[in-house]
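Take the given structure of chain A and dock chains B and C to it, following the hints.
Protein chains in written order, with the numbering used here: chain A, 1 to 254; chain B, 1 to 210; chain C, 1 to 475.
If you're looking for bench data, these hints aren't it; they were derived computationally from the structure.
Listing some non-contacts, in silico: residues in chain B with all C-beta distances to chain C over 12 Å:
no.: 1; residue: Asp66
no.: 2; residue: Glu69
no.: 3; residue: Asp87
no.: 4; residue: Leu97
Beta-carbon label-pair distances, calculated as ranges:
no.: 5; chain 1: C; residue 1: Leu410; chain 2: A; residue 2: Asp99; range: 24 to 32 Å
no.: 6; chain 1: C; residue 1: Arg23; chain 2: B; residue 2: Pro166; range: 49 to 57 Å
no.: 7; chain 1: C; residue 1: Ala42; chain 2: B; residue 2: Asp66; range: 31 to 39 Å
no.: 8; chain 1: C; residue 1: Ala354; chain 2: A; residue 2: Ile135; range: 49 to 57 Å
Just so you have them, the derived chain C footprint on chain B, three or more residues with Cβ under 8 Å:
no.: 9; stretch: 118 to 131
no.: 10; stretch: 192 to 198
Ideal placement from N, C-alpha and C gives every residue a C-beta, glycine not left out.
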Amino acid sequence: MSESPPVVALLVTCLVDLFRPSVATAAVRLLERRGFRVEVPSQTCCGQPNRSGGDDDGARRLARRLIASFAPYARVVAPSASCVATVHDYPALFPPGSDDHAAAVALAARTVELTAFLGEQGPDPGRAAVAGPLIAAWHDGCTGLRRLGLDRQPRELLGRVAGLELRDLPGREECCGFGGAFCVEYPEISAQAADHKLDEALATGAQLLLGADLGCLLHLQGRAQRRGLPLDTAHIAEVLAAAIADDGHGREDG
Amino acid sequence: MSGAREAILARIGRDTPPAPSANVPVESAPADWAQRAQRFAACATAASATVATADSPQAAAAGIADYLERQGLPPRVHVSAATPALDGLVTETRLQLATGGLPDDGATVVTGCLAALAGEGVVVLATGPGHAAESVFLSATHIVVVSPGQLLDSLDALWGLVRTLPAPLPRMVNLILGPSRTADLGVPSRLGAHGPLRVHVVLVAPVEGA
Amino acid sequence: MDVKTADFRQRARAALAQPTLQRSLQGMRRAMPALRSAALAALPDHAALRDRARESRDHALAHLGHYLVAFESRVRAAGGEVHWARTGAEAGAIVAGLCERAGARRVIKSKSMVTEEIGLNATLAARGLQVTETDLGEYIIQLRGESPSHILAPALHVSLAEVGAAFERHHRRSRTAPLTEAGAMLVEAREELRAVFRAADVGITGANFLVAETGAAVLVTNEGNADLVASLPATHIVVTGIEKVVATLDDLGVLLRLLARSAIGEPLSSYTTLVHGPRRATEAAGPAAFHVVLVDDGRSALLGTPRQEILRCIRCSACLNHCPVYTAVGGHAYGSVYSGPMGAVLAPAIDGLATTAQLPAASTLCGRCEAVCPVAIPLPRLLRDWRGEALRAGFTTPAWRRSLRLWQWLAAHPVLYRFVLGLAAGGLRLVSVPARRGERRIRRLPLVARGWFAVRDLPAPEGGSFQARWRARQP
Chain A
1 MSESPPVVAL LVTCLVDLFR PSVATAAVRL LERRGFRVEV PSQTCCGQPN
51 RSGGDDDGAR RLARRLIASF APYARVVAPS ASCVATVHDY PALFPPGSDD
101 HAAAVALAAR TVELTAFLGE QGPDPGRAAV AGPLIAAWHD GCTGLRRLGL
151 DRQPRELLGR VAGLELRDLP GREECCGFGG AFCVEYPEIS AQAADHKLDE
201 ALATGAQLLL GADLGCLLHL QGRAQRRGLP LDTAHIAEVL AAAIADDGHG
251 REDG
Chain B
1 MSGAREAILA RIGRDTPPAP SANVPVESAP ADWAQRAQRF AACATAASAT
51 VATADSPQAA AAGIADYLER QGLPPRVHVS AATPALDGLV TETRLQLATG
101 GLPDDGATVV TGCLAALAGE GVVVLATGPG HAAESVFLSA THIVVVSPGQ
151 LLDSLDALWG LVRTLPAPLP RMVNLILGPS RTADLGVPSR LGAHGPLRVH
201 VVLVAPVEGA
Chain C
1 MDVKTADFRQ RARAALAQPT LQRSLQGMRR AMPALRSAAL AALPDHAALR
51 DRARESRDHA LAHLGHYLVA FESRVRAAGG EVHWARTGAE AGAIVAGLCE
101 RAGARRVIKS KSMVTEEIGL NATLAARGLQ VTETDLGEYI IQLRGESPSH
151 ILAPALHVSL AEVGAAFERH HRRSRTAPLT EAGAMLVEAR EELRAVFRAA
201 DVGITGANFL VAETGAAVLV TNEGNADLVA SLPATHIVVT GIEKVVATLD
251 DLGVLLRLLA RSAIGEPLSS YTTLVHGPRR ATEAAGPAAF HVVLVDDGRS
301 ALLGTPRQEI LRCIRCSACL NHCPVYTAVG GHAYGSVYSG PMGAVLAPAI
351 DGLATTAQLP AASTLCGRCE AVCPVAIPLP RLLRDWRGEA LRAGFTTPAW
401 RRSLRLWQWL AAHPVLYRFV LGLAAGGLRL VSVPARRGER RIRRLPLVAR
451 GWFAVRDLPA PEGGSFQARW RARQP
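Just chain A, with the same shape it has in the complex:
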């Protein structure tokens, strides 16, 4: 094909940028494998902490910046449901009929969460495998599950990874207790919710707890570390990208 590949912009998200750049690297790899060229415009925060904290003025200022940063791109993909939901909620920050509002509506329509986007592209043509057997539990992030309707997409993506067995948590609709500033403001309540989640994950026999939101995962991993639990956490993008890599090796014997 002589056409240049379609472009998607990556909304990195602050936590990934700071804590786990490998999640963004993995996201880039997954998008490139599906034939996209990835661009990463200069960006900061979507304003979620301000929006959640009731600081709509602050959120509005950051929304304007982000809208401008991503204005040139037809698709914006982010490895975080809560940041995507924040962008989807941008129109509520501006008066209907204003230019800002129109731009917010447009960006909201173009912005999509990573697993939802990968799901839209149809099944991955190649093989994906991890050195298994690996038992993983899936943590449905609240924003992903309830605001973005992420349910079957991550499960389908992970379901195609050979060597990985995915288990659902009985309390899958329950919050893990992260909640942004909440987890710092109300640590004991937050820890109780995390413990329910971690104990359930261990009870499924999982060695690995997977999710699509780094906030939840850092909180859960940090709590697991503090309790000395034999449970690792990873972002779904990391596992999917690693599975492609394993696939490369696996092909040699085929």
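Leaving out everything else, chains B and C in the frame of chain A:
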């Protein structure tokens, strides 16, 4: 405090609304009596009531006497909210009918009803000259006899019936689903909190070919 | 019980350390969602019913004055009286006046959150009236001198042993053995309260709904106590919020179909009673006097604001039962008679933000409350809304205001933002220690994020921000 009335109304406004939204009937029981009775029994027994059927008011009365014997309860019953469905009580020699006064705790009351709702397993009683609500709520055992025509489809049908009642409406319309219960002493719920401990419903079947 | 919310954090911590409360809460957390979802799954079209329920509440609220006046005129036509109260104090004075008019000494009540809200029992007790709660849970907490910890199960926090102890202390009976078994407690309470029912001069109930079409006050209970409260005394007083009115019996039916399913996972409660006025001339029984007291107490101020949607609430308690915060700390931590997500939205409207600003803050905004709400109240949005009000009105801590401002400022300066991010990524890596499987973690940091490190480690950053890596990789 009429000042309060005017002040509140001034804040909330008094405009005349458009007609409220039309109803969406969501549960419907079959028109056939036997199927309806089956539906009623399923719902009522799920709520810890017991349900029997009888071919006539006389058979219903005999069934009540049997029920009391089975439960080891005395044959003395208070009667309230009488309807033709209770006509068999006077001729059933195994029953003693208490007259006047309210039942004491431990007593049995036998009532007719305004309606029974197949979709919910609910019996509906209305207060009036022949029925005080407390005669049901003070008793320990409540036996209800339902005439064939009183077995309605569901709540929606009940509202239709209430709208045809002559004004003024009964002081109390009681929808009853099974016995009294409470969850305040832990799980599982316990029966017989303040109201009846047992609810037994007798559905009188329509006469064949009628 | 001290009804101030300012110390939510402290009370929450205490609640987490109470084994009895934790057992009840954890039992409920596991049981209630399954019961609710099974009951709703049995409906042919839950989503349509929920839409219709929401519509019927919105319709009534949009024309609240019209429907209240219609309700009032039907109650009057049936021989009852309707009273209006702007505040809780006004409502208390009206009810006290009605008791006086009835020459009452003994008052019985069925469970009513509005009367808890306005502190009615204390008002009546101050006038020398003897007030007895008859809902078993309310009766238990009245004996113990407490406030409800759940809007539907007020004694959720009390263990069976504590109920037995309260009964032994307050019921004058000769005993041969201690009261330990729930069945025996139920029998004893039933017997004790029978005498109270028969001796009462005035019965006070709330109302789950008011129906404008027929003038009905609708009472929903499982115990049957409300029906006795509304039947035996010579005077029946209904105390309820102005928002409880619905237009028609059809609306009532829609809401009834969702109420008990959402609340307890049952199709309907045991008793649903429509009360239309006092005893008729042809009747030998029933109260001769019937009053409805319509209480505003901050509700009308919500109309026309973004927070109006909370007035749709039908007090089913599904949002409490599904809330990670409520199920961790219970109702008393909220310091308001209403708890959980609906309480955290209502309490600031009723009590003012000055003492309640912590309640909307104490939420993860996980959205499960909105998902299970039978009338689709956008509780997370309303909580966030209150957070904004609290921020603007200065009811949050200066530190919190500073951090929001600082973050916004930093994020508005990309060069500085990237510099600080890079510095943080490197610095945190530097102070980290090994964790399992080659990971690294930070156990504690001086001065910052104490709440984070109080209960968890911080997984160490990989070092260097993604954007820095990306720019380095680009040609």
